[in-house]
Amino acid sequence: MPDATERLEFRNRDQALRLSERLAQVVARIGRPLAVMHVCGTHEQAIARFGLRGLLPADLDVVMGPGCPVCVTDQPEVDEGVALVRQGVRLATYADMLRVPGTAGSLADARAAGGKIDVVYSIVQAVELARRSTEEIVFFATGFETTAVTTAAVLSGPVPPNFSVLSAHKYIPPAMEIIAETPGCRMEGFLAAGHAATITGWGVFEPFVARHKLPVVVAGFEPLDILAGLIALCEAILAGRQEVINCFPRCVSRDGNRVALDALWRVFRPIGGRWRGIAHVPDGNLRLRDTFSHVDARSRFTIDLASLWEFAPPSLTAACICGDILAGRLTPVDCALFGNRCTPSDPVGACMVSTEGSCRIWHDYGGRNRSGETL
Amino acid sequence: MKPFVPERISLASGAGGRAMRNLVESIFLNGVTSPPGAVGADAMDDGAAIPLGNQWLVMTTDSYVVKPLFFPGGDIGRLAICGTVNDLAMMGATNVLGLTCGIIIEEGFARSDLERIQASLQAACAEAGVHVVTGDTKVMARGELDGVVLNTAGVALCERVVRDCTLQPGDRLVVTGTVGDHGMAIAALRADVGIEGDLRSDVAPLRSLIAAVLNAVGEGVTAMKDPTRGGVASALFEMAQKSGVSLLLDGPAVPIRHPVRATAELLGIEPLHVANEGKALIGVRPEALETVLAVLRAHPLGRDAAVIGVVTSGRPGEIVLDTGMGKRLLHEPEGEPLPRIC
Numbered sequence: 001m002p003d004a005t006e007r008l009e010f011r012n013r014d015q016a017l018r019l020s021e022r023l024a025q026v027v028a029r030i031g032r033p034l035a036v037m038h039v040c041g042t043h044e045q046a047i048a049r050f051g052l053r054g055l056l057p058a059d060l061d062v063v064m065g066p067g068c069p070v071c072v073t074d075q076p077e078v079d080e081g082v083a084l085v086r087q088g089v090r091l092a093t094y095a096d097m098l099r100v101p102g103t104a105g106s107l108a109d110a111r112a113a114g115g116k117i118d119v120v121y122s123i124v125q126a127v128e129l130a131r132r133s134t135e136e137i138v139f140f141a142t143g144f145e146t147t148a149v150t151t152a153a154v155l156s157g158p159v160p161p162n163f164s165v166l167s168a169h170k171y172i173p174p175a176m177e178i179i180a181e182t183p184g185c186r187m188e189g190f191l192a193a194g195h196a197a198t199i200t201g202w203g204v205f206e207p208f209v210a211r212h213k214l215p216v217v218v219a220g221f222e223p224l225d226i227l228a229g230l231i232a233l234c235e236a237i238l239a240g241r242q243e244v245i246n247c248f249p250r251c252v253s254r255d256g257n258r259v260a261l262d263a264l265w266r267v268f269r270p271i272g273g274r275w276r277g278i279a280h281v282p283d284g285n286l287r288l289r290d291t292f293s294h295v296d297a298r299s300r301f302t303i304d305l306a307s308l309w310e311f312a313p314p315s316l317t318a319a320c321i322c323g324d325i326l327a328g329r330l331t332p333v334d335c336a337l338f339g340n341r342c343t344p345s346d347p348v349g350a351c352m353v354s355t356e357g358s359c360r361i362w363h364d365y366g367g368r369n370r371s372g373e374t375l
Numbered sequence: 376m377k378p379f380v381p382e383r384i385s386l387a388s389g390a391g392g393r394a395m396r397n398l399v400e401s402i403f404l405n406g407v408t409s410p411p412g413a414v415g416a417d418a419m420d421d422g423a424a425i426p427l428g429n430q431w432l433v434m435t436t437d438s439y440v441v442k443p444l445f446f447p448g449g450d451i452g453r454l455a456i457c458g459t460v461n462d463l464a465m466m467g468a469t470n471v472l473g474l475t476c477g478i479i480i481e482e483g484f485a486r487s488d489l490e491r492i493q494a495s496l497q498a499a500c501a502e503a504g505v506h507v508v509t510g511d512t513k514v515m516a517r518g519e520l521d522g523v524v525l526n527t528a529g530v531a532l533c534e535r536v537v538r539d540c541t542l543q544p545g546d547r548l549v550v551t552g553t554v555g556d557h558g559m560a561i562a563a564l565r566a567d568v569g570i571e572g573d574l575r576s577d578v579a580p581l582r583s584l585i586a587a588v589l590n591a592v593g594e595g596v597t598a599m600k601d602p603t604r605g606g607v608a609s610a611l612f613e614m615a616q617k618s619g620v621s622l623l624l625d626g627p628a629v630p631i632r633h634p635v636r637a638t639a640e641l642l643g644i645e646p647l648h649v650a651n652e653g654k655a656l657i658g659v660r661p662e663a664l665e666t667v668l669a670v671l672r673a674h675p676l677g678r679d680a681a682v683i684g685v686v687t688s689g690r691p692g693e694i695v696l697d698t699g700m701g702k703r704l705l706h707e708p709e710g711e712p713l714p715r716i717c
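One line per chain: the protein sequences are A and B, in this order.
Every letter in the first sequence is one number past the one before it in our numbering, and letter 2, counting from 1, is 2.
Every letter in the second sequence is one number past the one before it in our numbering, and letter 210, counting from 1, is 585.
Careful: at least some of the hints might be erroneous.
Which residues of chain B face chain A? A partial, calculated answer using Cβ under 10 Å [said to hold, decoys possible]:
id	residue
1	PHE379
2	ILE384
3	SER385
4	ALA387
5	GLY392
6	ILE479
7	GLU571
8	VAL685
9	SER688
10	GLU693
11	MET700
12	LEU704
Calculated from the structure, these hints are not laboratory results.
The model shown is predicted, which means the values in this text are computed figures rather than measured ones.
Note that CB positions come from ideal geometry on N, CA and C, so glycine has one too.
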C-alpha cells in the first residue's frame, strides 16, 4: 500500500480545475457579486497555500471571519499570562500565542526579559513538564472548541498538583451569530470549519440557519474539500435553500463526538467576553467550571494585572483595523499599517501574529492574487 | 525602513531567516570593511574570498549548537565538518587546505560523548577528504552553556569564485536532492510527539559532488548556496534579492521524501523553511542543465537532483510558487518555524 502522502486524492489538480469550472458556472447563474464567509484560519491557510484564490470566480468574495483563536484573544487575556510570568510563574503555551501583543508586551517579550515560558504542542506536554518539575506550571490554554476538548480531556483525568490552566479558549458558534447580526452584513452564507464540526457535529448550526436564514456548509481543509464546499454553498444560495450541508462526511456526523462534547461541557462553561477587535461575544469564551477551580490558574493565583497598568497600550493599535478584518468588513490591504509598520517580525495587530491570522496569511502568501492581478 | 531588531535578542534572531539578517546587518556589519577586491563579510555570502595571486583564498567559519547533539543520520561532530566544507564548496572552493575546530564544553559533560563526537568528526573528515589542522578547547562551569558548542573554520583555494548574488534571468534552479530532511528530523525529535518513520538528517559533505559539477560545466553554474538554517525558502530569497531577480518555483517538482512531507503536515511546518545539511541550490545556464543533472545524478549524494524552478526578471526578490493549482508567494521564514495550534 502506498504511503498516505503519495495518495493525496484531495489535492488532485485536474479535479480541482474541474471543480473551479463548476463553481464558476454556479456563480455565473447567480448572476451578481456575492460574499460568503469562512470562520477558520485553516481554511484561509489552505486557500492561500494552495493558490486557490486564483481559481475562484471574480464575482465570489470569500471572506475570512473571526476564525483565528489567537487573533481574537484579547489584550487582557494576554496580560494575565504576562502578569503570571512576571510574578515568576512558569507558563506553558502554544507557539502561536508567544508574540500576540498585550498591554505590556507579549509573552515573547516577557520570556526575553527572563520569564519562564515553555512552548508545547499539546497540553499533554505541559502536564509532563509539571510531572518532572516541582515548580508551579500554568498552561495558557487557547484555541477554539477543537483545542478546548483536548484541555477538557486532560483535566478530566488526574493531573499533578503543581499544574493548572489559564483558559482563553473560545467557542465559535456565538461569534457567527454576532457576524450575522451585524447591521449591513453582506454575507450570504458561511463555510464552517470541518475540524470543529467533528467535535460539535453539524447539527450545532441548525438553530443558526433557522434564525438567520443563511446556508451553512461544513467543509474540510484540502483543496477539493474547499472547492466542493463553496460549490455546495453557492448552489444553496442560487436555489434559495437555507440549510446545513455536510461536505465533510468522512469526519463529521450530525451529533459530533459525544464523548468529547461531554468532557467539554463538564469542564467548561461558556461566558460572555470581548473578542479582540470584534465585540462582546455572549457565550464566546470558555472558562473552567467551579468544580475545576483547583486546577484554575485564576483561582490559584492572584494575578496582578495592576502591575501592568503603568504601561499604556501600544500607540499604533489605534490605527489597527483587525476588528474590521475579523468581522469581514475590510481586508488586510485596506490597512495603512499592513506590510510597512505592521509585519510578522514586528506586529501591531494580532492578525499579523498567528499563521492563522488573515494579515499574516496575506502578507506571507500574497493575499488575494487572482490570476494576473498581482502574480 | 531600518531593519527591525528587538530590544532583547530572541531565538528568532538566530534562525537563519529575516530576523537574523536584520541582526547581522544592523549590528555586526556596522562599520565592517573588506580588503580590496575581496568578497567580504558585507556580502553575507557563504564565505569570504580574498584574491591571492591568480587564485582566490576562500575562508568561512560556523558555530554549531544543535540540540539534541546526536540525531538520526548524524551528530554535532559530523555537522561541524560538513557545514564548513559545504560553505567552502558553495563558493566554488573545493580544494580545501585545512579546517580548524574549537570546542567549548560544559563542566560535567560525559567523556564518552566527547569521544563519540570526535570519532564522528574524524569520519566526516575522511569522507570529505579534509583535515582539521588546529583547534582549541575550553571548559565552562555547569550551567554556563548547554552541553557542548563547536566551531569550525575552513580555508580553501579556487580559480573562480561562485557567488550567491549572480543569478541571471533564464537560469534554471537545481536542487541536488530531497528537501527538508535535516530540519524535519530535528523538529520531530524536539517536538517529542513520538513520530515514527524514516526521518534522518541528510548531513553530508558536498565537496566531491560540487567539484564534479564545476569540472563538468564551469561557468554554466551561475550561483550556489546551501539551504541550511531557514531552508530552501530563505536561501532562495537571499539569492533572488542579492541578484535582483525573481524566481518561479514549480512546487510539485521539489523533491520531498514522504516521511518528511507527512511530518511537515502533522507539525504544520513548511518543508521549504527547515534546514538541509547536505544539499545545494545551483543556478544553471539552460545550455548546461542536462550535463549538470547527469553529473549530479551519477553521484550518490545527487541521485534525487531536480530542476525546481526558473529565474525570471519579475519583481526583484520575489519568489512565486506554482502549486499546480494556482500561484502564490513563497514567504521568507521569520525565525524558528513554530507549530500551530490547530
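> What are the numbers of the hints that this structure violates, sorted from low to high?
Replying inline: 6, 7, 8 and 9
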